[in-house]
Amino acid sequence: MSVELSTLAVLLPLAAALAVGAVPRSEPVLARALGLVGALAELGVIVALVLGFDPAGAGVQYASVHPWLPAYGVAWSLGVDGSELPLLLLLALVFPLALLIGRQPQPGEPPLVVGMLGLQAAWVAVVLARDLVTLAAAWELATFAVVILLGAHGDGKMGVPGRTAAARRYAAHVLPGAAALVAVVVLFGVSHAHATGGAWTWSLDEIAALTLPPASQYLGFALVLVAVATALPLVPLHAPLPAICVSGPTPVVAAVLGAGMPMGLFLLTRVGLPMFPLAAGEWADPIAAVAVVGAIYAALVCWAEREPGRLLAHVAILHLSLAIVAAVSGSVAARGGLGLYLLAHGLGLTVLTAVCHSLRRDGVGNLGELAGWAAVAPRGLTLAMLASLVLVGAPGSAGFIGELGIVVGVLEQGEPALLRPATWSLLAAAAVGLGVLGLLRSLWRAGRGSPRPGLVDRLTELDLRESIVGGVALVLALIMGVAPNWLLARAAPAQQRAVEELERARCLAIEARNQGRPRLRDDLGAVCLDPAARVRQFYGLGGLGGLEHEPAGDLEVEP
Amino acid sequence: MAREFPIWVIVLLPWLAALLCVLVARPGVRVLGPRRASSLAHYLGLGASALALLFTVQAIQHLLAPDDPRALAHTPLGELIGPIVIGELRIDATLVADRLSTCAALLVSVVFVLARMFVAGPAGQRALGLRSLSADPSEAESGATVSALRWLALLGLLEGAALLFVLASDLGLAALGWALLGAGSAVAVARGAGDERRASAATRVLALGVAGDLALGAALLTLIVSGIGLAHNNLWAPLTGDHLYAAVRGTGVSFADLIALGLAGAALLRLSSVVWSGDSLAEALLDAVLIPVPAIYLVLRYQRVLSYAPSVLAGLLVVGILIALSAAAIGLVRPSRGQAHDSPRSGSELGLAGTGLAWVGLIAMALGVGAWRTAALLVLAQALGRLGLRLALLVGDGGQLPTWTARVGRLLVWAVAGIAPGLGFVALGQTLVDVLTRASLLAPWISWLGAVAVILVAFMFAAGVARIWYEGLGPKPGAEPVAGAEDEDGLDFGPLLLIFAALVVLGVAALGSWFDVLASPIAWLDKVLPLAGGHEAAPTGLREGFRDGGRVARPWIAGSGVLLALVTGFAWMWTRERFRRASGDELSGLSSALELSLSYPRRAARLLALLLTGLTELAARGVGRGVFEEGLRVARSLVRDIGAGLAPRLRRLSPGGGRQALLGLVLGLGLLFGWLYANPEAASVGPSDNYGFGGLRAKLIRAGGSVTKPEPGEAPPSVDPGLEARPPSPMLMPPPAPRSDGAEPGPLPLPEGR
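Going down the list, the protein sequences come from chains A and B. When the letters of the first sequence are read in order and numbered with the working numbering, they come out as residues 1 to 559. When the letters of the second sequence are read in order and numbered with the working numbering, they come out as residues 1 to 754.
The reader is advised that the hints may include incorrect statements.
[What the hints assert, rightly or not] Just some of the chain B residues that point at chain A, by a computed CB distance under 8 angstroms:
id	residue
1	Gly87
2	Glu88
3	Leu214
4	Ile224
5	Leu611
6	Leu615
For the record, the hints were derived by calculation from the structure and aren't laboratory data. Each residue gets a CB set at the ideal place from its N, CA and C atoms; glycine is no exception.
Start from the sequences and build out the full structure, keeping to the hints where you can.
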């Protein structure tokens, strides 16, 4: 039964997409309803998968392996090891919510729902994949799907002005990243063949048992970084994001911001860190620095930007910066907090996207024009402010536990992956706090006071459908914040294993750094009995924690 | 181990009442009609608050049991909602009731019961935008009733949040109550959409609230990182002292200083938002209890941390002196431009804000000298006094008070203003004694400065309250009695009388405790609020000159009390002379001077805001759009334009076909030789004159030769005689031939002996 469940999680959205595709274009409401049913069924499957996951059980559960291209060692291999449960849940939650927001589809339009469901299937496959080719194929599919969906109904006589250009620009940014991932696949295939004398495999578990020479590690990690930096996106490669947030279709923008950006982070933690541990360790600080600089930049923009779509894009970039620091920190606690943080990210941004795009539909391109929004459309403003509170980590929400877990985890266990864990985590957290404060200020200023003349006619209240979506998303964020244990307990052992594996792999890479060719770990023998100590020794680090306690010289210790 | 007691009920009761009010507001008004729905909501709210009060009292009774000193605790659904644990972070859903938390909960509950009693009266109904419950409501009032019920729900939400904060067993759970109070305060101050003036005030309250949240978050983080953790109990763990004295690596700052800064900053930021509370009932509760009680409770709960941070305490004393003096002056003088120019406030609002903030300054001074019990006394006086004053203002509603209400109101306002023997007077006197007699890290004279500041603040505070009375509430001499002046309602009058009685009884009891005649009303807290430091050499210990054994010498206490009684009494009389027949320009000279002095910080704040705005605009427009988004396009256009401009000139300079070929040949050869120079091993096939340029270098090195010429007189380097006898290196061995069956060739042979 478990085998079918992981495959079912991939195939169900595809089946729903096919069913929706069969609905005549003259029935857009039926298509959307059918799509929603498919997304809800997918939610049910993933919830069953999460609840059925046994944290004390085998490392990889729900394994489903079928030969795909046996001559080349490619297999359709899916499975869950526990660390990806929060992301699976995020995908399952964001898509049904995203399908319900945005303007009503018109008869005759190609249904966006089909593409959305395909995108969900691709991303679920990326998360569940235990084979690099499967993962990369799903990633490429998702990338193309996003580009096509972003350009849907663009320009032309009835289309949205600027949408095609934005999608084209987005494609120009993300497609090189997708190509880089293909290069990573090739690199691993060749490396594995070199190490094993010609055996082909792309199984992630087997590839993770490879220890690549330093040059290959740097090359491979650089390629992964290209894919990740364009998918996240990292500043300064974020230029297309504001454009698509301004003109893209609302459900697609919600999916890209809420789930697509965390997928970039997933690629980093699934492929980048475990496969290239030496390069990942040495580049962790620069990556964290770039994320923090991006966060500070985005925080400043959040205080000044008035265009709702652009503001939305910068809030997303800002919020994910702390997650990047958590991902590269190699801390178990930070990874535990990261899951909840990403859930808060997805839910909060879905609500914000609904509200910001409702403003755009009413022709509001400048929040500064909106004095008196609260008097005219209080629901939208309230939801946006509550979503901002979820993002900033208001106590009681998933964001609070996630953010606190990340900062504490990075501070306590951030070394030796990060040389300055306190600097990066505190700066990123402060930037997130101040930036979202800027967003709150903009919303508050737009909402307060008496409405400007003509605003009542111009602005419409968020409709019931979108209000319910917002309410549900916020309640979910609240539930995750109050009772997160059921998810944390299932993911924690896998996080612990992943970090231990990362340390071991890094240690082995250090020991084998003078080797000129890829080696299997078994060939290297038991050279890393205490990986953490060896890594610390290699980097010349002393002590045990990120923030050590030093007794102050001139103060008496209490007896 | 703590004893089980259903403490969560105390928090959930007001929240349930609030939830019912929100959910059934509209259908309830439709089904029951405005009057019945409103009555039901009032009874529901009053019942919830009264039940919460009863549970709190019962908890206190349990704690009073002499045979069991353990605290009470409650963890609902422990199986389902276990503690949240991520690494070092642990947040528990347990509530605890000990002496400090139950006292704070009792104060919140009592004030809310009084407020809900008041709400049912005519003045309370008016404050909610309703007509009296005794009048027949019309259908047009349905909307107003729904709105009023929502306000009642907000009150319930805030009450539950305050109770959650003071009863939570750890700071992580308490942060939920803290954040709810901050956000709810902004909503209460905004009142409704459309009022620009209230929106402006609410913006400031929101900003201060969020800043307070961030400061609390910083303290919370430092507590975890220091190793103490979030649970209140951990403060008394064996190693907590070591953790507090430990320094953060690379900074030299102790964890105690950092935590104390965060906590004191959070409390002060939250307390300063009382300045913007207006004259509605919800804002009265914010001013009286919802903001001060949690903020001071936070500091008192973590007083052990503050005891380890005397430098923060010294800073708190100085900040308290500055806040108290400036706010009391503003409260009395009421400069017309004392506030931002775009949100002019009425005189009475300024008076209320100034006196409220002055009291906050006094609390900060008491905390700054480590006088925790005095701070608790000040909070008690603040809660009851401010509630009484504001309820009296609501009854007056800008006009004259009815006869008996006016008489009680005058006595009440005396007690609030610090006239002996009210609780306000005792609290002021205790502050004076503590500031004067306790040491500070700064200098010995700072105590005298603080004492003078307390006396000045007492004068201005009493005069400011008196001005509020004479200008806003008191009967004007010679004025005609207003219609309905005799028409009094018990629900208006009763709470005022109860508050007055409480202020006097508690004041007399506290006064008696100075001379060991009576027990102090806060004597129960002595055990949990020791004096800071606790020993003679402590940074905030008692100064030698004022000591009589282990306590302050009685003459200093008596002298301070007499002096303060004279000062506040004189202040009231002084104000009466000036403001009984107020014309508006009684303090115009002082007002101008104060406006001038206030203009400088205002300008500095504007300049700072301008700079920050410029920075953010630069990021959003200049860097964001200019460089990241439009930069490529601009660069492309620029290159294209430059290319178009240079193309004709380049075309003129371009050589003919033969010259182009020659040029290409020269460049190609240059590249080739350059590459050969950079890669000597590639050039080793060619002849060379020296070893530095390819040539024989690689061969000689392989043969064991040296690339350096021997010095004169030195023997030339010799080739290892055994080199020729060695077997060829495996590196130079030919690769194995492929096997005929297509399988992998076998491994290379190892050298002999290995």
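Here is how each hint holds up against the structure:
The restraint placing B/Gly87 at the interface with chain A holds, with a minimum CB-CB distance near 2 angstroms, inside the 8 angstroms limit. Satisfaction of the interface hint for B/Glu88 is found here, the shortest Cβ-Cβ separation to chain A being roughly 5 angstroms, below the 8 angstroms cut-off. With a cut of 8 angstroms, the hint placing B/Leu214 at the interface with chain A holds, because the nearest CB-to-CB distance is about 6 angstroms. Taking 8 angstroms as the C-beta cut-off, the interface hint given for B/Ile224 holds, the closest approach to chain A being about 5 angstroms.
For B/Leu611, the interface hint is violated, the least distance from its beta-carbon to any beta-carbon of chain A being 12 angstroms, above 8 angstroms. Satisfaction of the interface hint for B/Leu615 is found here, the shortest Cβ-Cβ separation to chain A being roughly 6 angstroms, below the 8 angstroms cut-off.
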